[in-house]
Amino acid sequence: MSLAVRVIPCLDVDGGRVVKGINFENLRDAGDPVELARLYDREGADELTFLDISASVEARGTTMDIVSRTAEEVFIPLTVGGGVREVADVDRLLRAGADKVAMNTAAINRPELISEVADRFGNQVLVLSVDARRVRPGGTPTESGYEVTTHGGKKAVEGMDAIAWAIRAAELGVGEILLNSMDADGTRDGFDLEMIERVRREVSIPVIASGGAGKVEDFAPAVDAGADAVLAASVFHFGTLRVSEVKQALAASGHPTR
Amino acid sequence: MSPRVVVLDYGSGNLRSAVRAVERAGAEVTLTSDFDTALAADGLLVPGVGAFEACMKGLRAIKGERIIGRRLAGGRPVLGICVGMQILFSRGVEHGVETEGCDEWPGVVERLQAPVVPHMGWNTVEVPQVEGQPTRLFDQITDERFYFVHSYGVRDWKLVTNDRTRAPLVTWAEHGGDRFVAAVENGPLSATQFHPEKSGDAGAQLLRNWVQSL
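Protein chains in written order, with this note's numbering: chain A, 1 to 258; chain B, 1 to 214.
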């Protein structure tokens, strides 16, 4: 037996509410992240990710409350990302009940932050979220042909090689790479398998594949390409796919699931 | 009356989930670093995340190793979780730095030898079937997976026993070809490398089993 492939639903939270709409029948309040977390837990989610997209400080405070309420009631690992800028932010999230913290822009701006967090809390708490895509024609080329973006894929970090960044972050001490393909994101055409393979070859920490999932058959190829876990947001939010179906499909393809 | 459990607070990670999970398992829980309270509780839970060295430092600062030692001398139950299990062994080696542990069990905590580390996610465990020594922690749990997240582990433990002593019941797990200790049951002292408080229903059952034994 070996490690099960983790299936991770990701919830976008703003001011304590889940942003993208969903209409599951057995939920009293579809916008309540705690209710949704419970539902995903019941369906067999192996881990949950909250992405705090709140712009204001007050709204972030509300998210903290959501994190602690979820941690009180849902007994699977909880990762929280969004707005983590310093070690103190990580500390606050862990105290609120997060098991792991995802970091993106702050680590790009100041990579030493990775080692600071890893030294204090261990590397297992730190997930590096990499929003990567192929360099566009006319863009600054990178060695691998992949570049790092910020602002949800809207802005390229000129000349920053996504693969090299993943390698460096692993050296600095992140415990896991959340690899979001900005080319595949929203297409529902399947994961960016080539990119997953590239990163898998280069790092020896777990890789979570994200971006592009549209149907249950999309997940197994991502695992074949080297992903240790698969993450999706909208297909779960809108009820297009259920966590349980994804796990059945993975199991049918010969991948161990929980 | 519900058993009273102390979750030992020595500055380590996400303790809230551990507290909640043990409460849910039927115990009355106090989160504290107070020596006497920890000594007097029906059960002591020693959590731990991060580095071995940092955890030992935190533990020593509150005389945690003495709390554990005294409790065990009196046959009072202790449960270590994750690094809270690792620090029960003789020593830990991280980045070439050796740190002395509580030395309740022989063995070295060292880096896992697997293609992908940390070992992160839900894995199966091999609970031993020993005649006359049934597992208490894994009672009513079969074919379940538990949530692990660690880069270090106890990869070797030769159990020495004779006609007067009973070897600890050691449960193993495997990741990427490497084998390591996943759980230990040894009289009043038990421990898990995985996180029962994060392991859904299987973890809840394990914690209930422990709480009911108090």
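Heads up, a few of these hints could be off.
Said to hold, decoys possible - If you anchor each label on the Cβ, the simulated ranges turn out as follows: (1) Pro128(B) / Glu143(A): 47 to 53 Å; (2) Ser90(B) / Ala106(A): 37 to 43 Å; (3) Ser2(B) / Pro221(A): 47 to 53 Å; (4) Thr37(B) / Arg85(A): 35 to 41 Å.
Said to hold, decoys possible - Anything over 10 Å on all C-beta distances counts as not near chain B; from chain A, calculated: (5) Thr105; (6) Glu194; (7) Ser204; (8) Pro206.
What the hints contain is simulated information worked out from the structure, not anything from laboratory work. Heads up, the beta-carbon is just placed ideally off N, CA and C, and yes, glycines get one too.
Against the structure, the hints come out as follows:
1. About 50 Å separates the C-beta atoms of Pro128(B) and Glu143(A), a value consistent with the hinted range of 47 to 53 Å.
2. For Ser90(B) and Ala106(A), the hinted distance range of 37 to 43 Å is satisfied, since their beta carbons lie about 39 Å from each other.
3. Taking 47 to 53 Å as the suggested C-beta distance range, the pair Ser2(B) and Pro221(A) conforms, at roughly 49 Å.
4. Under the hint 35 to 41 Å, the C-beta atoms of Thr37(B) and Arg85(A), about 37 Å apart, fit the expected range.
5. The Cβ of Thr105(A) sits about 24 Å from the closest Cβ of chain B, beyond the 10 Å cut-off, so the non-interface label holds.
6. At the 10 Å boundary, the C-beta of Glu194(A) stays outside the reach of chain B, the nearest C-beta of that chain being 20 Å off.
7. For Ser204(A), the non-interface assignment is contradicted: its Cβ lies about 6 Å from the closest Cβ of chain B, within the 10 Å cut-off.
8. With a least CB separation of 5 Å from chain B, Pro206(A) falls inside the 10 Å interface cut-off, contrary to its annotation.
Going down the numbered hints, you'll see the structure goes against 7 and 8, while the others check out.
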